[in-house]
Amino acid sequence: MTQSELPVLTKKDFESDQDVRWCPGCGDYAILAQTQKAMPTFGVAKEKIVFISGIGCSGRLPYYMNTYGFHTIHGRAATIATGLKAARPDLMVWVITGDGDALSIGGNHLIHAMRRNVDMKMIMFNNRIYGLTKGQASPTSPMGKKTKSTPLGTIETPIIPLNLVAAAEASFIARSVDTHSEHLQEMMHRAGEHSGAAFLEVLQNCNIFNDGAWRDFTDKSVKEDRMLVLKHGEPMIYGAEKNKGIRLNGLRPEVVTIGENGVSVADLWVHDETDPDATRTQILSRMWWPDFPVPVGVFRRVPRPTHDQLLVEQIDGAKAARAAKGPVDLQKLLASGETWTVE
Amino acid sequence: MTTPNSGAQHGSVTELDRVTIRFAGDSGDGMQLTGSQFTATTALFGNDVSTLPDYPAEIRAPAGSLPGVSGFQISFSSGDIHTPGDRPDVLVAMNPAALKVNLGDLVPGGAIIVNTDAFNEINLRKAGFAEDPLKNQSLQGFNLYEIPMSTMVAGVCEGLGLSSKQVELSKNFFALGVMFWLYERSMAGTEKWIAEKFAGKDAIAEANRRALHAGYAFGETTEIFHTHYRVAAAHLPPGTYRNITGNEATALGFVMASKLAERDLFLASYPITPASDILHQLSSYKHLGIKTVQSEDEIAAIGAAVGAAYGGAMGMTTTSGPGMALKAEMLGLAVMVELPLVVVDVQRAGPSTGMPTKTEQGDLLMSMFGRNSDSPIPVIAPATPAECFTMAIEAWRIALHHMTPVVFLSDAFLATGAEPWSIPNVADLPSIKVENAPASDKPGFRPYQRDPETLARPWAVPGTPGLEHRIGGLEKLDELGTVSYDPDNHHRMNLLRAEKVARVARDIPPTEIYGDATGDLLILGWGSTYGAIRSAVERLQSRGKRVSHAHLRHLNPLPNDLGAMLKNFKHVLMPELNAGQLRMLIRAKYLVDAVGFNLVRGKPFQIGEIEAKAESILGESVEAAK
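Protein sequences, first through last, are from chains A and B.
All the letters of the first sequence, read from the start, carry residue numbers 36 to 378 under this note's numbering.
All the letters of the second sequence, read from the start, carry residue numbers 66 to 691 under this note's numbering.
Rather than coming from a laboratory, the hints here were simulated on the basis of the structure.
Don't take every hint at face value.
[What the hints assert, rightly or not] Straight-line Cα separation of at most 20 Å, EDC-like style, residue types lysine to aspartate or glutamate; simulated pairs:
no.	chain 1	residue 1	chain 2	residue 2
1	A	354	B	327
2	B	324	A	364
3	B	351	A	351
4	B	324	A	351
5	B	257	B	271
6	A	47	B	506
7	A	83	B	329
8	A	81	B	506
[Unchecked claim] Label pairs and their computed distance ranges (CB to CB):
no.	chain 1	residue 1	chain 2	residue 2	range
9	B	496	A	370	19 to 25 Å
10	A	43	B	496	40 to 46 Å
11	A	307	B	508	44 to 50 Å
12	B	644	A	48	20 to 26 Å
13	B	509	A	43	20 to 26 Å
14	B	266	A	224	53 to 59 Å
15	B	265	A	191	51 to 57 Å
16	B	556	A	59	30 to 36 Å
17	A	192	B	348	36 to 42 Å
Using N, Cα and C, we set each Cβ at its ideal position, and we do this for glycine too.
Please construct the entire structure, taking both the sequences and the accompanying hints into account.
Written out as structure tokens, the structure is:
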């Protein structure tokens with residue numbers, strides 16, 4: 036069946052028969068819904084889509100997708116996705132992970148999947164807490180966060196996930212929010228469309244163990260003034276009045292008001308997703324409320340050959356070079372080096 | 066064992082049945098190269114050969130120091146041999162440290178060939194010699210041949226425009242030339258090798274060639290050696306042979322398994338001694354369509370292998386003990402999701418980092434049980450370097466037909482040791498092909514519906530329409546494969562996983578017994594101890610002892626005929642290079658009072674050690690009967 040002959044699928048086609056078992060009110064429901072909704076937009080047959088997850092609340096997502104799914108072990112989903120995609124370049128591979136799964140126990144694999152540009156779409160649910168183990172600090176918990184395992188507050192500086200993956204050469208970097216459905220849907224779609232390692236951070240609320248983790252800037256009443264929606268090729272403007280912006284002074288971002296102190300739109304930082312240098316991606320990733328609006332959207336999208344493409348290219352090249360010398364003979368391969376015959 | 070001065074004289078040529086030589090020098094002296102060149106030439110000549118490389122883990126330990134000594138032992142014979150020899154008849158010592166480290170192993174009256182130029186005050190001090198052993202009487206019990214190798218090589222390399230340091234590097238070829246003359250070997254193979262290896266570096270190639278010839282000429286023309294030696298070609302079974310190490314045979318076995326299964330091979334590995342050569346070799350087979358990934362760590366390596374297996378490829382990983390420890394959790398996942406997978410553990414001396422280049426059989430129980438909960442995995446072990454080829458195919462046969470991870474236990478001795486290999490005819494090797502689950506247009510695919518015979522579940526690979534399903538590490542509902550916390554279901558699934566592995570024993574060959582099926586003593590072994598045990602049993606049998614040998618290739622499940630076999634002997638002796646790991650399993654399963662013989666020195670057993678242990682058991686038995 037060619038892509039054009041595919042039956043038109045809907046969100047319903049991607050819902051499995053399993054009861055969803057997250058806590059009522061969990062942000063994961065919203066992410067699941069957008070994931071199911073995004074799938075028909077790629078024109079990829081259902082059987083060609085694979086969801087791989089690690090351990091944590093996010094890890095349950097594959098059970099709810101009516102695709103191929105593999106709920107693996109803690110932190111290692113990226114490794115399994117690497118092998119699967121290398122063996123089967125024809126598949127569309129999604130990795131579902133969380134802040135503990137990807138950044139703590141799976142930190143090493145995250146870095147290497149990104150630098151290899153494994154063609155996987157990784158969605159990291161970031162709720163800044165360990166939910167499945169009932170409320171311990173995670174690598175993204177803010178300094179001083181009091182949890183069951185840190186009763187006097189954590190004494191560890193949190194990881195900035197997008198800064199980390201930018202340093203690891205991720206070719207697609209984006210951020211969205213669980214409750215911002217339309218934006219999340221768009222980010223899912225764009226991650227899915229990207230060829231190469233895509234990393235999408237979804238700021239997700241855990242209403243049981245870390246309720247309101249992102250409320251300060253994601254809440255409907257304040258988000259216009261406290262978040263910056265990135266748009267490729269457009270100046271960075273935000274605010275309910277659309278009068279605030281970001282100006283880049285050397286490598287230092289500044290919040291400015293349009294029309295004040297002689298600042299015009301022309302002075303603002305124009306977002307370029309395709310900037311080959313990740314320096315500005317990292318500057319953006321470090322912008323955080325209350326010093327800055329929190330950016331969401333596609334931070335970075337650069338073309339780079341994927342791991343499976345390069346692997347297949349090497350194999351095809353080696354096969355062609357070998358074919359020029361005649362067909363491969365395994366009998367000869369076994370007898371390589373010096374041989375002798377006993378009569 | 067025959068020593069060079071005990072054979073029958075034929076003018077200036079002495080005929081010998083078997084000779085064991087050890088080349089020893091600084092780790093920068095090229096002893097592994099010298100040994101492997103001598104081995105290649107000797108194998109090509111038609112002798113049966115067996116080798117034991119013995120090198121330090123440090124790439125360059127301090128020059129002249131005792132820890133920096135690198136050795137290569139080769140035994141070659143006109144008869145059938147199984148081991149690299151207990152003790153060398155000839156020691157080539159390139160410096161005082163090499164002499165010091167190896168002298169204790171040399172047979173009484175054996176020959177020592179030394180590079181006298183290296184016996185200077187500094188080197189003697191580094192080796193801990195209070196006085197020069199060449200000048201006092203300490204080597205009186207041996208035949209000492211003193212050759213100023215460095216000086217002679219410098220002489221023949223004059224005018225090549227090389228620095229004295231570069232010239233000095235050729236001295237191992239001088240030593241090789243001497244040995245080629247001494248044992249009537251041709252220099253042609255090594256000359257060809259030099260030409261290829263140093264193509265474009267004419268001066269270095271020429272220096273090595275001149276050194277080789279100078280060594281040969283030295284043997285021929287000086288009167289230092291009263292005789293030279295002839296070890297006739299062995300009467301090996303008809304066939305085409307090549308020399309092969311265990312790691313080479315393992316890699317080729319996996320290539321062949323892929324061909325016989327008509328399925329893509331995927332290897333992900335993290336570099337680790339002594340397993341890395343399998344990764345290197347398979348990585349060079351891109352033209353065969355083999356995909357390899359050097360992973361970021363041991364866990365990622367097995368993770369990628371599991372991912373490839375999930376995708377329908379023959380996913381595998383290679384490692385050694387410390388890496389094996391890291392792979393435990395992912396192996397457990399492979400058990401739970403019942404995917405085929407092969408994990409190679411080239412065992413080395415432990416615990417922890419242990420002695421990375423030295424051999425041991427310490428990972429059996431880890432392979433069997435080193436995972437959380439009951440987590441059965443088939444475990445197999447090749448017995449000789451060449452057998453790694455057939456056992457690599459066997460690993461995949463089991464993995465594919467029983468939908469299970471399989472552990473392939475090699476060890477450092479097998480991996481780096483070499484022997485002649487009768488190259489099989491590819492067309493004669495049986496298929497190990499299995500089919501993927503077919504596409505379906507009916508709803509309700511059951512990913513855990515088992516084959517009634519093997520209990521294997523279907524291999525439903527992504528991309529197959531109609532089989533969309535979810536698997537994972539959570540317990541599965543029988544047949545349906547959905548998540549289940551039902552107590553009785555968990556119990557049933559645990560039994561099913563165990564029974565599935567137990568049924569592997571249904572299609573493994575009967576256990577071969579060397580010797581009578583009944584007797585006073587059965588020596589039961591596994592893995593690389595094969596050669597030493599077989600040689601010891603041959604000697605004991607030749608003296609009329611009622612001793613037999615059985616060697617296990619399948620360690621989990623154990624062969625169904627083993628229990629009855631054990632009961633036909635008065636005593637069972639189990640030599641292992643560990644504290645008695647297989648013995649623990651055998652005693653537990655068969656309630657047989659097997660006696661252990663356990664040494665962990667990082668070295669293979671010597672034939673004589675096993676022989677003596679067997680004799681002591683037989684002797685005690687005679688005493689008790691009186």
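Hints, verified against the model:
no.: 1; hint: A/354 with B/327; in the structure: holds, 17 Å
no.: 2; hint: B/324 with A/364; in the structure: holds, 11 Å
no.: 3; hint: B/351 with A/351; in the structure: holds, 8 Å
no.: 4; hint: B/324 with A/351; in the structure: holds, 18 Å
no.: 5; hint: B/257 with B/271; in the structure: holds, 12 Å
no.: 6; hint: A/47 with B/506; in the structure: holds, 18 Å
no.: 7; hint: A/83 with B/329; in the structure: holds, 19 Å
no.: 8; hint: A/81 with B/506; in the structure: holds, 13 Å
no.: 9; hint: B/496 with A/370: 19 to 25 Å; in the structure: holds, 22 Å
no.: 10; hint: A/43 with B/496: 40 to 46 Å; in the structure: holds, 42 Å
no.: 11; hint: A/307 with B/508: 44 to 50 Å; in the structure: holds, 48 Å
no.: 12; hint: B/644 with A/48: 20 to 26 Å; in the structure: violated, 58 Å
no.: 13; hint: B/509 with A/43: 20 to 26 Å; in the structure: holds, 24 Å
no.: 14; hint: B/266 with A/224: 53 to 59 Å; in the structure: holds, 58 Å
no.: 15; hint: B/265 with A/191: 51 to 57 Å; in the structure: holds, 55 Å
no.: 16; hint: B/556 with A/59: 30 to 36 Å; in the structure: holds, 32 Å
no.: 17; hint: A/192 with B/348: 36 to 42 Å; in the structure: holds, 39 Å
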